[in-house]
Amino acid sequence: GQQLNQSPQSMFIQEGEDVSMNCTSSSIFNTWLWYKQDPGEGPVLLIALYKAGELTSNGRLTAQFGITRKDSFLNISASIPSDVGIYFCAGQLRGSYGGSQGNLIFGKGTKLSVKP
Amino acid sequence: DTEVTQTPKHLVMGMTNKKSLKCEQHMGHRAMYWYKQKAKKPPELMFVYSYEKLSINESVPSRFSPECPNSSLLNLHLHALQPEDSALYLCASSQVLLPPGQGYEQYFGPGTRLTVT
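Residue numbers (my numbering), protein chains in the order written: chain D, 1 to 116; chain H, 1 to 117.
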């Protein structure tokens with residue numbers, strides 16, 4: 001099946017640091033979505049991107065839809081302790097709209113933890 | 001309001017039990033989804049309903065039986081499960097039939113933590 005390469009797999013943050021993560025694929029996507037998931041909870045939608053080159057912010061979060069339509073990144077500025085969790089990217093393949101609502105492809109996640 | 005609710009929050013069942021998971025949304029979304037998520041893994045699609053009709057079944061074993069009674073409700077009936085079916089079960093919803101070139105946003109519920117003993 002389709003794969004999304006999400007990196008890094010995990011990272012440690014110190015309060016106040018900026019954080020960056022990205023997702024890449026060999027396929028072209030219509031949509032990129034970024035979710036955050038806390039332990040035992042469902043994923044919460046952070047940002048949705050629909051156009052190549054689009055840059056969208058949500059508070060301290062900024063995400064971009066790559067020009068090639070094959071990648072996206074998420075930045076978190078001035079991290080705070082509640083940013084800890086697992087971040088997933090998810091993409092909808094080009095040409096999969098209409099009756100194929102199910103095919104959101106997920107990355108494997110980036111786990112953000114606090115530096116000891 | 002972007003809320004999807006799921007009940008119960010936690011469920012423990014034996015391999016011979018029959019139980020049901022419930023999901024509800026009031027966003028007017030006509031696509032609803034069931035996902036299964038194992039620890040430290042991304043959600044894995046199980047079923048998709050579009051306009052209350054099953055449109056995608058990702059080769060899920062028949063011991064999982066979905067049902068969409070109306071546009072706001074989605075159920076997952078469980079029977080004769082195995083211990084390896086223990087997981088977080090997530091419900092999601094979205095719009096359908098957007099114009100070409102546009103995507104859609106899926107909103108997830110908090111999940112049901114299922115343990116099969």
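The set of hints was computed from the structure by calculation and includes no laboratory data.
Possibly wrong hints are sitting among the right ones.
[As the list claims (entries may be wrong)] Here are some, though not all, of the chain H residues that point toward chain D, as calculated from beta-carbon distances under 10 Å:
#1 Lys41
#2 Pro42
#3 Glu84
#4 Asp85
#5 Leu88
#6 Leu90
#7 Cys91
#8 Ser94
#9 Tyr107
#10 Phe108
A quick note: this is a predicted structure, and the numbers were derived from the prediction, not measured.
Beta carbons are placed, not taken as given, at the ideal position from N, Cα and C, and that holds for glycine.
Taking the hints in turn, this is what the structure says about them:
For Lys41/H, the shortest C-beta to C-beta distance to chain D is roughly 7 Å, which falls under 10 Å, so the interface hint holds. Look at Pro42/H: its Cβ gets to within about 4 Å of chain D, closer than 10 Å, so that hint holds up. The interface hint given for Glu84/H is violated, since its Cβ lies 20 Å from the closest Cβ of chain D, which is over the 10 Å cut-off. Residue-level restraint check for Asp85/H is violated (minimum Cβ-Cβ distance to chain D is 18 Å; threshold 10 Å).
Hint status for Leu88/H: holds, given a least beta-carbon distance of 7 Å to chain D, under 10 Å. Given hint, Leu90/H at the interface with chain D, holds; its Cβ is 5 Å from that chain's nearest Cβ, closer than 10 Å. Against a cut-off of 10 Å between C-beta atoms, the interface hint on Cys91/H holds, since the closest Cβ of chain D lies about 8 Å away. Given hint, Ser94/H at the interface with chain D, holds; its Cβ is 6 Å from that chain's nearest Cβ, closer than 10 Å.
With 10 Å as the threshold, the beta carbon of Tyr107/H comes within range of chain D, its nearest partner Cβ sitting at about 6 Å, so the hint holds. Interface restraint check for Phe108/H: the shortest CB-CB distance to chain D comes to about 4 Å, inside 10 Å, so the restraint holds.
In terms of the numbered hints stated before, the structure departs from hints 3, 4, listed from lowest to highest.
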